[in-house]
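Protein sequence lines, in the order shown, are assigned to chains A and B. Residues in the first sequence are numbered from 6 upward in steps of one, following the numbering used here. Residues in the second sequence are numbered from 482 upward in steps of one, following the numbering used here.
Just so you know, not all the hints are guaranteed correct.
[What the hints assert, rightly or not] Capping the alpha-carbon separation at 30 angstroms, the derived lysine-lysine pairs in BS3-like fashion look like this:
| # | chain 1 | residue 1 | chain 2 | residue 2 |
| --- | --- | --- | --- | --- |
| 1 | B | 669 | A | 250 |
| 2 | A | 104 | B | 489 |
| 3 | B | 673 | A | 249 |
| 4 | B | 669 | A | 104 |
| 5 | B | 669 | A | 195 |
| 6 | A | 104 | B | 673 |
| 7 | A | 250 | B | 673 |
Think of the hints as simulated: they come from the structure by calculation, not from any bench.
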Amino acid sequence: MPFIEFLFKPKNELEKGGRQSVQIASADENEPSKPCPNCRKMVPLSQLWANHNTCECGYHFRMNARQRINFICDTDTFSEWDAGVVSRDILDFPGYITKLENTRNACGESEAVICGRAKIEGEDCCIFVMEPYFMMGSMGTVVGEKITRTFERAMELGLPVVGYTVSGGARMQEGILSLMQMAKTSGAVKRHSDAGLFYLTVITDPTTGGVTASFAMEGDVILAEPGALIGFAGPRVIEQTTRKKLPAGFQKAEFVMEHGFVDAIVPRSTQKATIAQLLRMHTGGERVG
Amino acid sequence: MAKNTVSKAYDRVKLARQNGRPTGVDYIENIITDFIELHGDRNYADDEAIVGGIGYLDGKPVTVVAIEKGRNSKERVAHNFGAPHPEGYRKALRLMKQAEKFRRPVICLVDTSGAYCGIGAEERGQGQAIAQCIVEMMALKTPSVSILIGEGGSGGALALAVADRVWMLENAVYSAISPEGCASILWKDSSKAEEAAESLKLTASDALALGVIEEIIPEQELGKESFYEKLRVKLSREFRELTSMDVDQLVQHRFERFRNLGVPDMGGKK
Ligand SMILES: [Zn+2]
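So here's chain B without its partners, still in its complex pose (with noise of 0.2 angstroms):
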């Protein structure tokens, strides 16, 4: 690490981004069975760089929309380093539309380190692809839980986290703008990467001290079978809580926990 600057912030950003750490289908192959991946966006194309289906949580069927970064190079290029494309986030859409319509619950995985920076990207309308994910989240009208398991990488992490409940893993990070980003536009100096990220307050504890997520999940056991475990018995328990409540209720708590996010002193009455 460079100079003398030690920045816990930034050791988890490195971890988060680590090759080797769970990814999102790690987890769908240990935490659910019978996974039936379901493809595309039935508009363009198949954003591998997430993937979506249907399985069992504890026999109950549920949907599962992740991020999926690859575990090695080959995955990594096929996955697009997990940056999905507009139709990525459209068929994220659609198989949540789909839950919502056989009152299934969803489960969002998320690891990006973004939404993709691209000329088609921009041409299909990244912008207005996530927009359309973070509306229809909001208003979905059955259960969802979104983990950020490594990179919250902005809007596009935020598209697939506008959920019930949003749980980190203990050295996830989640930020509006990565830590080089920050320290080149503020300081003109992307090696100040350590101090931008110290500063951005992107850890989980930050996160959970802002009132941003519910929950860190520890990583003590991360990819051993004990930590599955303890995270499908934690997933299928809240699910139990989350369905027996009325749906109009639910929605409406999960819209006003958005709304409570930063609410600044406004002087007085509204």
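Isolated chain A (complex conformation) (with noise of 0.2 angstroms):
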């Protein structure tokens, strides 16, 4: 299927793939692949860790956010803030600290957000970039404070902030307090925005609920990886509460852009290349090359 039908392609046949981890073998017994949800091709591993997890059709597969980080940093710039500070089960909720812990086991990360300072393309900035892979990058507060005290971080550096989001929305073992989470990151945007310095996101797939509702939307320049699911309320939801059927395409990036609600869709391929060139008109930078 040529890269364009499947950015109009229904939400459901698109995600099918997206969360599979499984290796298939491919016509080369040897070489593990996966098969990309968008063209049916069997794609070696080794091809897609070298496409930044991209298919050769353009399908984006999901990312961790290591790998995010290896890929959008330049080498060995990235430090880490907060690193290793884990949620507490503040509501006493049924099942919460076993659902933490083994997520953190499985996924290897100890909260749904990794945050830092770092340079890309040599540009200094800061940078937040969540993890799909833990409880769908939902927001708790140990994710609003980390992103809180990036962007004061940032305000104290004076520098930019780039973030990468992923969410399903609030973590609701965390209750009303994330909910709140919503307000407290938006006063830091806010901070951050009215001393003049420059907030650029990047919306990935999936991004939802209250992180839609938030951050997500308050960047400077907004931009969203292809064929990525952005919305407040998930589709399911939608066609349960509607019992219409979704427009193609319907909470896609380029479904989302056309209403006016994206600045630009921008494949991994270019993606470093493009954030180190807004922070550099942003940051009084000379036009490099």
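The task is to assemble the complex, starting from two chains supplied on their own in separate frames and drawing on the hints.
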């Protein structure tokens, strides 16, 4: 299927492969590979990694936060803040402690966002990258606090913020305090903005709920990855509420851009260069090359 | 009620949703005089799920923005059961910015199961509309009080509750997700809503204990003249105090109020 077609395919078809990590043998028995949900070809893992988890047809597979940091930051420039901070079970919510422990073990990260300072093509910035494999990037108090601190530190340092979002919304196990993180992070974004500093968001698949309704949509410039699901309510909830069939491509990045809520769709192949250029344009840097 | 579990929290959820409970316009009619409703977001439409306008509170002009569920079935349909679209939030924001310009205090009355989930709402940027309300309320250079009078459903409620003071009616609820939604996601069983309601800590006393609200408004006289009279006096007193503050300080306090909510142990220094 040509690239353009998959952009307009309904969500459910696209989503099938995104979460799969099963390795199925390709034509070459020795080469591990996985199926592309868009073109249906078996993509050798080596080729996938070489192309930042994208298929040659243009499909963007999900990427974990460390992979993203390695991919977007200059080598050895990333220094992490608040690493290893773990959430507590503030509400005494049934099963939350176990869920957190299991997630930490399975995912290898301590929480659903990684924050720090880095250089992108030599441009100094603060960066936060949300982790899709940690409880679907849900926002609890630790995520809210780490992102808030990233903006506060960026203000102290006079630096721009680059934020990668991926989230299923609020962390319901932290109840109302998770909801309050929308206000907290938004306050920090506002202060950073009022100080004349630049904030760039890159919305990745999927970004919904409280993250869409706060810092994801508050960037000076909002970029999105091709095919990313971007919305407030999830498509299944909308279908159930309205009992209507969703239009083709509904809530996909391309659809959201068409409706005026995303500045540009930038594939991973040009993402680093685009971000670096935007950073340069906002920090008084001269054109390079 | 199902089985043996008696859920106090879920009883409140039911009360908060109950038909016949005073809605936003009841408060406006009983507390505010000479109210003039102002319509539209100046971009797309007038969303009747939000009623806004200007009136007098004890003889002083105030802006009131209320999420309105409707008082009978006809009204409920007209007001979309209190589920705002993006244009509703944009109307609310327009009126709050207008209040800021003329240094009028803002009263928000919040009562919604959530922002509307629909195709048009997404097409017109529900997330962006809510985000903008949150950011702008945070920085609004005029005093604000938000009162959760019934349901405080998720981001759609928070969008109008980033205020200097947030109060809750005794039986109002405030939550990141409905107990039914929580139960069906976590336990694949929406009939466990009672347990979910308990676990979510969504009652007014929970919100007070967590520092999310400043005060609980008792409901013994709910809907009676004396109820509105007390609330009117309380609002007047609060705004007297808030308007006496330097406006930058006011905004700073509001920012800190939300900044300090849910600060986890980050393991030592910043
Ligand atoms: Zn492919």
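So, going through the hints one by one against the coordinates:
For the proposed pair residue 669 of chain B and residue 250 of chain A, the alpha carbon gap of about 24 angstroms is at most 30 angstroms, so the pair holds. Restraint check for residue 104 of chain A and residue 489 of chain B: the C-alpha separation of about 26 angstroms stays at or below 30 angstroms, so the hint holds. Under the criterion of a C-alpha separation no larger than 30 angstroms, the hint pairing residue 673 of chain B with residue 249 of chain A is consistent with the structure, at around 27 angstroms. As the CA atoms of residue 669 of chain B and residue 104 of chain A are separated by approximately 16 angstroms, the hinted pair is consistent with the 30 angstroms bound.
Restraint check for residue 669 of chain B and residue 195 of chain A: the C-alpha separation of about 38 angstroms exceeds 30 angstroms, so the hint is violated. Between residue 104 of chain A and residue 673 of chain B, the direct Cα distance comes to roughly 19 angstroms. Compliance with the 30 angstroms bound is thereby established for this hinted pair. A threshold of 30 angstroms between alpha carbons decides the hint, and for residue 250 of chain A with residue 673 of chain B the separation of about 29 angstroms falls inside it, so the pair holds.
Hint violations for this structure: number 5 only, all remaining hints satisfied.
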